[in-house]
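Engineer: Each chain is listed here by its residues.
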Amino acid sequence: MKKAGFILFLVLILVITGCQQSSKTNGSSKKQKELRIINYRVEDKAYYDELNKKFQEKYPDIKIKYDSVPTKDYQVLFNSRTAAGEVDLVAGAKDYIRTEKSRDMFMDLTGKPVLSKYKKEALKLEEVKGKNYLVPWNNVAMVTFYNKKILKELNIEMPKTWDEFKSAAQKAKKKGYMPVVFGGKDQWPIAMPVNELEATMVRSKDSKFNDKLRDGETKFTDPVWVDMLSRLKELGSLFQQNSAGLAYGQAPGIFAQGKAAFMVDGSWSASQITAANPKLDYGVMNLPGSNNADDNKNLGVKSGGGWMVTKDSPNKDAAMKYLDFISEKENYEKYINFTKSIPVMDGVKVGKEISMVEELVNANNVIPVWESTFIPGAKYDFVNLGMKLISNNITPEKAAEQMQKDLEGSKKYWKE
Amino acid sequence: MNRGASNIWPWLLLMPALILFSLFVLFPTIGNVYFSLTDYAGNIHNFDFVGLENYKRAFTADYDGVWNAIKITLIFCITVTILQNAISIVLAVLVNQKLKLSSFYRSTIFMPNILGILVVGLIWTLVFDPFSGPVSQLLNHFKINSALLGDSKIALALVIFVQVWAHMGYSMVLYLAGLQSIPKELYEAAYIDGASGWKSFRHVTLPLLQSMVTINIILMIIGTLGTFDIIFVLTNGGPNESTMTLGMYIFTKIFSGGSSQGYASALAMVQFVIIFCVVFIAQFYSRRRETEF
Chain A
1 MKKAGFILFL
11 VLILVITGCQ
21 QSSKTNGSSK
31 KQKELRIINY
41 RVEDKAYYDE
51 LNKKFQEKYP
61 DIKIKYDSVP
71 TKDYQVLFNS
81 RTAAGEVDLV
91 AGAKDYIRTE
101 KSRDMFMDLT
111 GKPVLSKYKK
121 EALKLEEVKG
131 KNYLVPWNNV
141 AMVTFYNKKI
151 LKELNIEMPK
161 TWDEFKSAAQ
171 KAKKKGYMPV
181 VFGGKDQWPI
191 AMPVNELEAT
201 MVRSKDSKFN
211 DKLRDGETKF
221 TDPVWVDMLS
231 RLKELGSLFQ
241 QNSAGLAYGQ
251 APGIFAQGKA
261 AFMVDGSWSA
271 SQITAANPKL
281 DYGVMNLPGS
291 NNADDNKNLG
301 VKSGGGWMVT
311 KDSPNKDAAM
321 KYLDFISEKE
331 NYEKYINFTK
341 SIPVMDGVKV
351 GKEISMVEEL
361 VNANNVIPVW
371 ESTFIPGAKY
381 DFVNLGMKLI
391 SNNITPEKAA
401 EQMQKDLEGS
411 KKYWKE
Chain B
1 MNRGASNIWP
11 WLLLMPALIL
21 FSLFVLFPTI
31 GNVYFSLTDY
41 AGNIHNFDFV
51 GLENYKRAFT
61 ADYDGVWNAI
71 KITLIFCITV
81 TILQNAISIV
91 LAVLVNQKLK
101 LSSFYRSTIF
111 MPNILGILVV
121 GLIWTLVFDP
131 FSGPVSQLLN
141 HFKINSALLG
151 DSKIALALVI
161 FVQVWAHMGY
171 SMVLYLAGLQ
181 SIPKELYEAA
191 YIDGASGWKS
201 FRHVTLPLLQ
211 SMVTINIILM
221 IIGTLGTFDI
231 IFVLTNGGPN
241 ESTMTLGMYI
251 FTKIFSGGSS
261 QGYASALAMV
271 QFVIIFCVVF
281 IAQFYSRRRE
291 TEF
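Residue numbers (full-length UniProt numbering), protein chains in the order written: chain A, 1 to 416; chain B, 1 to 293.
Read the hints as simulated data drawn from the structure, not as lab findings.
Possibly wrong hints are sitting among the right ones.
Okay, the calculated bits of chain B under chain A, using three or more residues with CB under 8 Å as the criterion [claimed, not checked]:
#: 1; region: 42 to 49
#: 2; region: 58 to 72
#: 3; region: 125 to 131
#: 4; region: 139 to 150
#: 5; region: 230 to 241
For each residue, glycine too, the CB sits at the ideal point set by N, CA and C.
Go ahead and model the full structure; you've got the sequences and the hints to work with.
Structural biologist: Right under this line is the structure:
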């Protein structure tokens, strides 16, 4: 009897808690719509907490459920929420919508009024097959930081060609400075020098080089690419000693201490440098890979990410209202100055470090960064090969051959 | 007591654990087998069955990368298993002596297990920092310059060292339990027969520790063949893929462009088969050795 009573008790508890849960959801759904948002930028949480509060004051019928996790955990959150259909607004980037199957999860936003608030060039960068799926946040550029004080001390101008850059770095080394600080321990930062050199040495010669790889009209073994890889190897010789042991996150700190003449990185590091040493006199430039100054005007820029609306969302109206709200100039300006990134909306007032990067972007020929031109599904093992190259474990010719072999070997996995 | 009701109770008590095991281990495992046969890349509503294509890709287009990862995983596994066992046995014998502060030594050696892999990784990242770490400073005194974890020639050795350091306390505790279960009379008998010191260790201690050796070997093989976390924190698989274990390789393939979760699932199945085979062989030989003694 006691046992039967115990089992009955357990069943009752389960039923009661289940009913409570159910009535809670039903009750709240009658009153408010719940807009479910996920983001991988945990560092922006303070901004979104304030913004979400303002949004809910304006739209009391919409309740926001905002979750952000670090980038490394985001894919898990993204997969589980999209698979369960429990998300309306998703933080993402062009990488998320490269294949037809991945695009199929999101709403086509082409022509929506909210996009008209953003710069056409920014929307173009986000475009896939002529369509827009993202409401852009900002842009980031592949840039090289230089220490103005060191260059002044060495009595040299900002380098505009490769030879000038190399000579400046060598002079800095002789004076006891790190010529180019590079944090290679995490491997992936090699992407920055590769992207910057590719823009000035490959697409400056043939802007369609990457598209032509598809039908074999161009190859990684072409002289233009081998030259670029040779330059990467040469650049590697200018990195500080033991660069492969320095964590990526440490490099901006070292640069901010005034110990290095140059740092090949992304525009996002400007905020970290300024935060570490607000008094540092530094500038941003294009890494001059070529000895022809005109070639060095190609600047790789990519979108810093954006918002996508899930296609099956029952709250599309609420999601669009939210996107309109964040796209209001006042809110967007706050976002840009909070994240210290390049705005993709006209007339946004920005701080010193952003305006410096913005000036560089405006003065150069903006092209999509090399990585964003990849053939979906193709194999590009450039991180591993690039690291081998700068540590003298492979020749530029062999690295180029391997890249071409990987590309051709993965042909059957290429996607549209 | 009613016989039928008494039969229900064990099942009822097992039920919560079984449900949790099924939810978090069994179903995901079955799901992984299924997804390894698809091109699933995040969109649960739109993916296709591709048969064995992902497996074929692992051994054709991506053969170099997969084989390198398997090779490194095996080197890592064998070296860690041998070193960790040898060091743990020695430590267990030492802390089993009647020493002052023996509890302190035991706790100190076991401590890295409490810290967690992230803390262990961060500690050693700082120690091996080639710019300001103590190891680098020491090497500089001898005019030796090295990027340490950034040097492809020694990175794997350093990761193995950290792995052994972090886990030897756990093995030591298992061996200590084994040592304390050996009757003292056996040592006395061996002493009367003229065996002491090394001979006593070789002919009494080691044979009677065989079951613990088997347990430790199996646990280490399973742990090291799937290692990902310590590599992720210390080297991220680099430099030049010199520490790219299969676990780390799978992780990079989940999120890398040109890959899919379906493909990563297939690699995880390959990893499972490798672990299963190695554990099976190791267990077979260890058990045979146990019966020999």
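Engineer: Can you name, in rising order, the numbers of the hints this structure does not satisfy?
Structural biologist: When the structure is compared with the hints, none of them turns out to be violated.
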